[in-house]
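S.K.: Spelled out from the first residue to the last, the chains are:
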Amino acid sequence: MASKYLTGAGSESKQLATWYFTFAAIIFGAQLLFGLVAAIQYVMPGFLYGVLDFSIARIIHINALVVWMVFAMFGSVYWLLPDETGIETVGIKIGKLLFWIFAAAIVVVVLVYLFIQVGPADATTIWFITEGREYIEAPRWADWGIVVVALGFVGNLFLTGMKGKQTGIVTVLMADMIAFAGLYLAGMFFTDNISVDQYWWWWVIHLWVEATWEVFVGAIAAYALITMIGAHRKVVEMWLWIEVAMLFGSGILGLGHHYFWIGTPEYWWEIGALFSALEPLPLVAMFIHVLYDWGKETGIQIAEGSEGHSITGHTVNNKPAFTWVVLNAFGNFLGAGIWGFFHTLPQVNLYTHGTQFTSAHGHLAFFGAYATILIGMMYIAVQGTNGIKVLKNTKASIWAVSMITSGVVGMGIALTIAGYVQVLVSRAQMGATWAAYFDGQSGMWFSQAMDWRLIMGTVTFLGFIFLAKDLLTTGKNPVHER
Amino acid sequence: MANKSVWSDNRFWQRTATWVTGFASILLIWLTFDTSAQIAMGNDQDLQNKVTKRVPGPTVINYKITYEMSAKRGHEVPVIGEKEKFFGRDDYSEEEAGALLHLGKLGSQAKNCMDCHTLLGNGAYYAPDLTKAWLDPAWGPDGAMQALTGKSTKEEAMAEFLQHPDQYPTHARMMPDLGITAKEAKGLVAFLKHMSSIDTNGFPRNFGKIKGAVHGK
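For the protein sequence lines, the chains are A and B, in the order given.
Mapping of the first sequence onto our numbering: residues 1 to 482, in sequence order.
Mapping of the second sequence onto our numbering: residues 483 to 699, in sequence order.
Take the hints with a grain of salt, since some may be wrong.
Quick list of in silico lysine to aspartate or glutamate cross-link-like pairs, DMTMM-like style, CA-CA up to 25 Å [to be verified]:
hint, chain 1, residue 1, chain 2, residue 2
1, B, Lys532, A, Glu266
2, A, Lys165, B, Asp491
3, B, Lys665, A, Glu266
4, B, Lys486, A, Glu304
5, B, Lys554, B, Glu564
For each label pair, taking beta carbons as the anchor points, the in silico distance ranges come out as [stated by the list, open to error]:
hint, chain 1, residue 1, chain 2, residue 2, range
6, A, Phe342, B, Gln520, 25 to 31 Å
7, A, Gln448, B, Ala581, 58 to 64 Å
8, A, Leu111, B, Asn525, 38 to 44 Å
9, B, Val561, A, Ala277, 41 to 47 Å
10, A, Ile288, B, Lys486, 21 to 27 Å
11, B, Val561, A, Ile288, 28 to 34 Å
12, B, Thr635, A, Ser402, 24 to 30 Å
13, A, Thr298, B, Gln520, 22 to 28 Å
From the structure, some residues in chain B lie toward chain A, with a derived Cβ separation under 7 Å [stated by the list, open to error]:
hint, residue
14, Asn492
15, Ile521
16, Lys554
17, Asp597
18, Asp618
19, Tyr650
The hints are simulated quantities; they were obtained by calculation from the structure and are not laboratory data.
Since this is a predicted model, take the numbers as computed values, not measurements.
Glycine included, C-beta positions come from ideal geometry on N, C-alpha and C.
Using the sequences plus the hints, can you model the full thing?
M.R.: What follows is the structure, encoded as structure tokens:
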């Protein structure tokens with residue numbers, strides 16, 4: 001029965017989940033806003049020069065991305081834990097305390113980024129202002145705070161998982177989240193050797209994004225399918241285990257594709273090329289799995305009539321969430337799979353590494369693989385919190401999904417074109433020097449691509465406003481079936 | 483599930499997932515030990531004895547570094563040549579050079595270099611890659627930057643630029659003044675020189691080699 005998944009009333013874990021989702025949505029907005037600032041600076045280099053330089057806009061853009069996704073992940077786990085384990089989350093009071101500590105720390109870190117920005121070349125800067133390491137710039141004090149918060153979260157997950165029922169989804173999450181928290185430690189040291197620095201830095205960045213986060217997505221996609229279309233747990237969990245095997249099997253050694261040019265030995269060429277070429281496979285599997293299960297479940301329900309599976313006669317009880325989850329399957333395959341694959345081989349990567357190609361892949365992959373499904377979970381949460389039986393599409397939800405998706409895809413295409421110019425002009429023709437770099441940046445195709453990136457970024461931001469409006473008004477909207 | 487098949491058995495896939503993950507993790511840890519040994523920083527003795535290290539010791543700043551095609555490896559590799567003055571000296575001790583490199587690496591993080599530039603190809607794409615910046619013809623004797631900054635050596639031109647980047651615009655997209663002191667600038671230049679000596683398996687390809695291609699030379 002789908003009904004028991006639908007209500008958040010009375011569950012403290014689900015209430016806590018909504019706190020996490022709310023904060024995540026706010027930071028998501030901040031991510032898009034500072035992304036716009038950075039995009040404007042590509043078109044008008046004088047914009048906020050000396051006040052909020054590109055580096056600072058970008059730090060907030062990418063750090064906000066990571067933070068909102070981590071918040072939404074924690075929220076998703078707190079949301080599904082009572083349903084999966086059959087009991088209330090064990091350390092809910094600690095969970096709530098940690099939420100406030102985490103949120104407050106984020107606000108302090110962002111204010112420091114905005115108003116202090118850089119510091120002298122000594123340890124105080126590393127401890128209190130910035131660590132200056134892409135994606136994990138958070139100062140050392142915040143690192144330790146994040147470790148404490150992550151341990152508290154993992155503790156809650158384990159205590160609840162041990163005490164309650166251990167479904168396949170919970171088991172996968174337990175294993176995955178301990179790896180997720182543990183890997184963060186690999187990014188918490190300083191070394192003068194930049195090759196060693198980058199070697200371990202990728203343990204955090206790659207093994208998060210291309211291993212543990214992907215497995216996390218598999219687990220919540222499984223939960224979402226069971227919740228939204230009443231898919232059979234046994235089938236969904238079997239696919240989940242297959243995905244775990246494929247994702248970890250390709251993703252862990254796929255780390256090698258970051259070890260082509262940082263001073264590491266040549267054998268990483270072969271290892272990186274082979275395993276990262278396998279990385280899209282589970283994404284294809286995930287994609288097939290969503291559509292296959294959907295078709296199969298619908299067929300069963302039609303055959304059996306509306307009784308039994310769906311209490312209302314609707315096969316999908318949350319249209320916007322379902323849209324976002326299907327987009328996840330497409331987006332993950334396209335953004336992470338296709339866009340990732342086409343510059344992953346060392347022969348190609350020698351020229352494409354560190355160009356706008358990477359940026360195109362980054363935008364499409366983070367959106368396709370993570371943003372989509374986390375927004376889907378937000379819709380599942382508003383449905384449950386408001387006791388809605390069938391959550392329907394509204395004008396705002398359709399505008400949101402259309403504008404955000406076309407905006408991000410548009411940015412991805414624009415950045416791909418910009419990357420082409422860089423590869424041909426800056427790298428192949430001119431030889432990657434300082435002058436070659438600016439020759440590439442001045443090309444007409446490049447600068448027009450950057451105009452389009454800004455336009456498409458604006459479309460994405462407007463879509464976000466529709467999304468926020470839709471999520472905020474769902475509770476009072478009379479179109480939904482209660 | 484009337485027909486019991488191993489292919490639709492959750493326990494089978496769970497075990498598969500565990501074994502595959504375990505195997506991949508162990509392989510990664512094993513490779514990490516090997517790589518760690520290969521990318522550990524060398525020392526002054528290696529440099530004096532002409533022992534090639536993927537990441538040479540900090541005293542590499544006492545030497546001339548070039549980036550040349552290796553027929554054997556099929557791509558460009560850094561070549562450490564004869565002594566070369568760095569801020570007027572070529573006798574930096576292990577400690578002195580190490581302290582400069584430490585200051586420079588710390589400085590590169592304190593000033594968020596990677597959020598505009600790429601280093602070893604990683605970072606942001608708003609400004610040029612710095613992997614081989616030390617070898618960039620722009621800073622050389624015939625390059626524009628020595629004349630622009632009014633300095634007579636590469637390292638002094640770089641240090642001057644880093645302290646007052648907004649006074650030497652090379653493009654509409656200008657580097658902002660990050661409050662870099664003279665001492666920090668010296669460290670940063672040492673860090674850049676050291677980074678250019680790292681063996682990056684030929685990245686970036688053709689660096690600075692095809693200067694005149696676009697003009698048909």
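S.K.: Between Val561 of chain B and Ile288 of chain A, does the beta-carbon spacing fit 28 to 34 Å?
M.R.: 51 Å, violated
S.K.: Per the hint of 38 to 44 Å, is the separation of the Cβ atoms of Leu111 of chain A and Asn525 of chain B within bounds?
M.R.: 43 Å, holds
S.K.: Is the interface hint for Ile521 of chain B satisfied, with its Cβ closer than 7 Å to some Cβ of chain A?
M.R.: 4 Å, holds
S.K.: For the pair we were handed, Lys665 of chain B and Glu266 of chain A, check the Cα-Cα distance against 25 Å.
M.R.: 36 Å, violated
S.K.: Thr635 of chain B and Ser402 of chain A, beta-carbon distance inside 24 to 30 Å?
M.R.: 58 Å, violated
S.K.: Close enough to count: is the Cβ of Lys554 of chain B nearer than 7 Å to one in chain A?
M.R.: 12 Å, violated
S.K.: Given the hint that Lys486 of chain B pairs with Glu304 of chain A, test it: the Cα-Cα distance must not exceed 25 Å.
M.R.: 24 Å, holds
S.K.: Has the hinted range 41 to 47 Å been met by the Cβ atoms of Val561 of chain B and Ala277 of chain A?
M.R.: 33 Å, violated
S.K.: For the pair we were handed, Lys554 of chain B and Glu564 of chain B, check the Cα-Cα distance against 25 Å.
M.R.: 22 Å, holds
S.K.: Is it true that the C-beta distance of Ile288 of chain A to Lys486 of chain B lies inside 21 to 27 Å, as the hint says?
M.R.: Since the Cβ atoms of Ile288 of chain A and Lys486 of chain B sit about 24 Å apart, the hinted range of 21 to 27 Å holds.
S.K.: Between Gln448 of chain A and Ala581 of chain B, does the C-beta distance stay in 58 to 64 Å?
M.R.: 47 Å, violated
S.K.: Under 7 Å, Cβ to Cβ, is where Asp618 of chain B needs to be relative to chain A, so tell me if that hint holds or is violated.
M.R.: Hint on Asp618 of chain B: holds, closest Cβ of chain A at ~5 Å, below 7 Å.
The structure fails to meet hints 3, 7, 9, 11, 12, 13, 16 and 19 from the earlier list, while all remaining hints are met.
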